[in-house]
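Just need the whole structure built from these sequences, with the hints factored in.
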Amino acid sequence: MHDTAAIDHYRRLAQDTTIDGTTLLSTDYFNHFNEVIMLLSMLGDMPDMLEEVKAWRPKTYAEHFRGSGLHFAPLAIECYENAPPEYRDPFDLTIDELNATIADALTELDASKDDPARMGDVAVDYWQRLQALVDRGSAIVHGSMPQATLDQSAIDDLF
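Going by UniProt numbering, 35 is the number at position 35 of the sequence shown; the sequence numbering is gapless.
Errors might be hidden in some of the hints.
Here are the computed lysine to any residue pairs in the SDA-like style, where the Cα-Cα straight-line distance is at most 25 angstroms [unchecked claim]:
no.	residue 1	residue 2
1	Lys-113	Trp-56
2	Lys-54	Arg-11
3	Lys-59	Arg-118
4	Lys-54	Glu-35
5	Lys-54	Asp-89
6	Lys-59	Val-134
7	Lys-54	Gly-120
8	Lys-59	Asp-89
9	Lys-54	Asn-99
10	Lys-54	Asp-104
Rather than coming from a laboratory, the hints here were simulated on the basis of the structure.
Put into structure tokens, the structure is as follows:
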């Protein structure tokens, strides 16, 4: 259970950072996923990038910020740990979906590695799916989605 005083405390500390003052989450975490999206977007023209895609590894929110070099990284981790559940829960579900989609992409890409045209088509499909998930996650970070009242199909319909 998150108490209002703690949330208000973190909201004050988050001012002048990229941590959203309402949700206590930061879109900076999506830079980690943008790396693999960028690699996938280039794969059709540069099939040799598959090894770089395969080298990408998921990171937790805390792992990302600990390695980010951002001056507010410790605060971002604390804010995440204290984020209101109406934002953190759908955020975490979206991150789980991102990671699962990337795992699926790697399986399909590996299966199509001997057919560069097919691999390019698979890469386009997956980077577009991943971008939609990042967009959903960003909307959650900015508190612009009524997460608590939408089920997954309703959220998908928004995108």
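Review point. Are the Cα positions of Lys-59 and Asp-89 separated by 25 angstroms at most?
Key: holds, 17 angstroms
Review point. Does Trp-56 lie within 25 angstroms of Lys-113 when you go C-alpha to C-alpha?
Key: With Cα atoms ~17 angstroms apart, Lys-113 and Trp-56 stay inside 25 angstroms; holds.
Check your understanding: Under the criterion that the straight-line Cα-Cα distance not exceed 25 angstroms, is the pair Lys-54, Gly-120 satisfied?
Key -> Holds - the C-alpha atoms of Gly-120 and Lys-54 are around 15 angstroms apart, at most 25 angstroms.
Point to revise | Restraint check for Lys-54 with Glu-35, where alpha carbons must lie at most 25 angstroms apart | key: Cα-Cα ~12 angstroms, so holds.
Review point. Are the Cα positions of Lys-54 and Arg-11 separated by 25 angstroms at most?
Key: violated, 38 angstroms
Check your understanding: Holds or violated: Lys-54 with Asp-104, Cα cutoff 25 angstroms?
Key -> Cα-Cα ~12 angstroms, so holds.
Check your understanding: Are Lys-59 and Arg-118 close enough, with their CA atoms no more than 25 angstroms apart?
Key -> violated, 28 angstroms
Practice item. Compare the distance between the alpha carbons of Lys-54 and Asp-89 with 25 angstroms, and conclude whether the hinted pair is satisfied. Key: violated, 28 angstroms
Check your understanding: Is Lys-54 close enough to Asn-99, meaning Cα to Cα at most 25 angstroms?
Key -> holds, 13 angstroms
**Study point:** Agreement of Lys-59 and Val-134 with the hint, judged by alpha carbon distance not exceeding 25 angstroms
**Key:** holds, 15 angstroms
Consistency with the previously given hints fails for numbers 2, 3, 5, ordered from lowest to highest.
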